[in-house]
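Undergrad: Residue strings, one per chain:
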Amino acid sequence: MADRVPLVRNLLAGPRRAGGGPVVALLLALFAAGCGGAADQGAEGPAGTPPAAAETSAAGPALTVRDARAVEVPGMAAVYLTVDNPGRAADRLLRVETAAAPRAEIHETVDDGGVMRMRPRPDGFEVPAGGSLALEPGGKHLMLVEPSLPAGGASLALTLHFARAGAIEIEAPVTALAGGPDGHDHAAHGGGR
Amino acid sequence: MSIDLRSGMGRPAAPLIALLAALLVGSGPLAGCARDPGFNGQLVEPLEAVPDLTGVNWDGEPFRLSDLEGRVAVVFFGYTYCPDVCPFALAKMKQLYAGLGDRAGDVGVVFVSVDPQRDSVEKLGRYVPNFDERFYGVRLEEGSVEATADAFDLTVQYGQPEKGPGTESYYYVDHTGSFFIVDREGRLRLRFPPDATADQMLPDIERLLSA
Numbered sequence: 001m002a003d004r005v006p007l008v009r010n011l012l013a014g015p016r017r018a019g020g021g022p023v024v025a026l027l028l029a030l031f032a033a034g035c036g037g038a039a040d041q042g043a044e045g046p047a048g049t050p051p052a053a054a055e056t057s058a059a060g061p062a063l064t065v066r067d068a069r070a071v072e073v074p075g076m077a078a079v080y081l082t083v084d085n086p087g088r089a090a091d092r093l094l095r096v097e098t099a100a101a102p103r104a105e106i107h108e109t110v111d112d113g114g115v116m117r118m119r120p121r122p123d124g125f126e127v128p129a130g131g132s133l134a135l136e137p138g139g140k141h142l143m144l145v146e147p148s149l150p151a152g153g154a155s156l157a158l159t160l161h162f163a164r165a166g167a168i169e170i171e172a173p174v175t176a177l178a179g180g181p182d183g184h185d186h187a188a189h190g191g192g193r
Numbered sequence: 001m002s003i004d005l006r007s008g009m010g011r012p013a014a015p016l017i018a019l020l021a022a023l024l025v026g027s028g029p030l031a032g033c034a035r036d037p038g039f040n041g042q043l044v045e046p047l048e049a050v051p052d053l054t055g056v057n058w059d060g061e062p063f064r065l066s067d068l069e070g071r072v073a074v075v076f077f078g079y080t081y082c083p084d085v086c087p088f089a090l091a092k093m094k095q096l097y098a099g100l101g102d103r104a105g106d107v108g109v110v111f112v113s114v115d116p117q118r119d120s121v122e123k124l125g126r127y128v129p130n131f132d133e134r135f136y137g138v139r140l141e142e143g144s145v146e147a148t149a150d151a152f153d154l155t156v157q158y159g160q161p162e163k164g165p166g167t168e169s170y171y172y173v174d175h176t177g178s179f180f181i182v183d184r185e186g187r188l189r190l191r192f193p194p195d196a197t198a199d200q201m202l203p204d205i206e207r208l209l210s211a
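Here the protein sequences come in this chain order: Y and D.
Those letters in the first sequence? Residues 1 to 193, per the numbering used here, in order.
Those letters in the second sequence? Residues 1 to 211, per the numbering used here, in order.
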């Protein structure tokens, strides 16, 4: 019995073992962080739609996608959204598919000393464990070329493909660009056109 | 103190140092970096007439930037196949117009396409008026983009066309995203970075309107 507990006894030895207390605290923190975290599972998506989530997998709690919205101009659309990853394992957004455009890609705008450069990101974006991936104007985004809204539709349906979570289908309401300095159109949350 | 340049002795001369300092300040990285506490934007120095800019507006009418003299002008560059930067720049201009209220008519908003190959006058006509019909959307002549970029000290770089499934080939255009503010006398006065907000630009523009 003495053989099996010496590690634990040492860790709990407190002040006599300088590294013990903090190590225990760290282990407990890591354990707590891995146990589901504070994922906003009940959050409202845009316009009251529930957030999209993948099936729970062996990697832990599912990814959720929220605040998806599309900005459309003639010939192009950009889609922004946030992916929350409450799990213990990082995931990766790999690609996007949509029937609403013949071409949908993952891109990122980089402000290079005032020169705006947009680049495809064929390797996608990481969704860190216990963190979020945010696609926002002026930064990471999904680019759709020659999009077309479905008849009578005010939103774009897309499928996001993740390395671990697999396919997640989302709806991105098309927002008008009246909005605030960050490009969000607050009016869109109250209902579409 | 006299300098004998023929001597070859290389005596450090205060006038030479002063000349070098003046050159550094007047050009290169230190140029245009002065800040006036009264303005949010970056002062452009030395104060000169804005380079002229000619093309065709989205409504088919010839456009010449010098025709806007008497009004303040906000000039910025981009292209319509830009999904993430240019729509928001135009949206900021909408907010600016909203902030100006009755005075919006005294401010010309000029979006200049640096991609005349794809941005026909007709395409600009489908794009710019969606934001505000009073905005100008200018197509430069295809040969004149480089000269315009030089005149405004812009970077414009075209990506490689990439063919995609089911579409024409697509290419992006790297471009300076700054906003250029021209006063009523046609002088280029201020520069704002791409992430400047309408709230930051509005007081500067109002000050130039009142000047």
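Honestly, the hints are just simulated from the structure, not real lab data.
Using N, Cα and C, we set each Cβ at its ideal position, and we do this for glycine too.
Please note that a few of the clues may not be correct.
Label-pair ranges, simulated between beta-carbon atoms [as the list claims (entries may be wrong)]:
hint	chain 1	residue 1	chain 2	residue 2	range
1	Y	A163	D	P62	50 to 56 Å
2	D	A49	Y	S132	27 to 33 Å
3	D	P193	Y	R92	29 to 35 Å
4	Y	A157	D	R126	42 to 48 Å
5	D	R118	Y	G139	22 to 28 Å
6	Y	A157	D	D150	41 to 47 Å
7	Y	A157	D	P193	47 to 53 Å
8	Y	A176	D	D195	20 to 26 Å
9	Y	G139	D	G38	28 to 34 Å
10	Y	A167	D	R126	29 to 35 Å
11	Y	A167	D	D59	41 to 47 Å
Chain Y is nowhere near these chain D residues, computed Cβ spacing over 10 Å in every case [said to hold, decoys possible]:
hint	residue
12	P51
13	D52
14	L68
15	D174
16	G177
17	S178
18	D195
19	S210
20	A211
Undergrad: A separate judgement is required for each hint: does it hold in the structure or not?
TA: Each hint tested on the structure:
no. : hint                        : result
1   : Y/A163 - D/P62: 50 to 56 Å  : holds (53 Å)
2   : D/A49 - Y/S132: 27 to 33 Å  : violated (49 Å)
3   : D/P193 - Y/R92: 29 to 35 Å  : holds (31 Å)
4   : Y/A157 - D/R126: 42 to 48 Å : violated (24 Å)
5   : D/R118 - Y/G139: 22 to 28 Å : holds (24 Å)
6   : Y/A157 - D/D150: 41 to 47 Å : holds (45 Å)
7   : Y/A157 - D/P193: 47 to 53 Å : violated (36 Å)
8   : Y/A176 - D/D195: 20 to 26 Å : holds (21 Å)
9   : Y/G139 - D/G38: 28 to 34 Å  : holds (32 Å)
10  : Y/A167 - D/R126: 29 to 35 Å : holds (34 Å)
11  : Y/A167 - D/D59: 41 to 47 Å  : holds (45 Å)
12  : P51                         : holds (18 Å)
13  : D52                         : holds (22 Å)
14  : L68                         : holds (23 Å)
15  : D174                        : violated (4 Å)
16  : G177                        : violated (4 Å)
17  : S178                        : violated (5 Å)
18  : D195                        : violated (7 Å)
19  : S210                        : holds (24 Å)
20  : A211                        : holds (26 Å)
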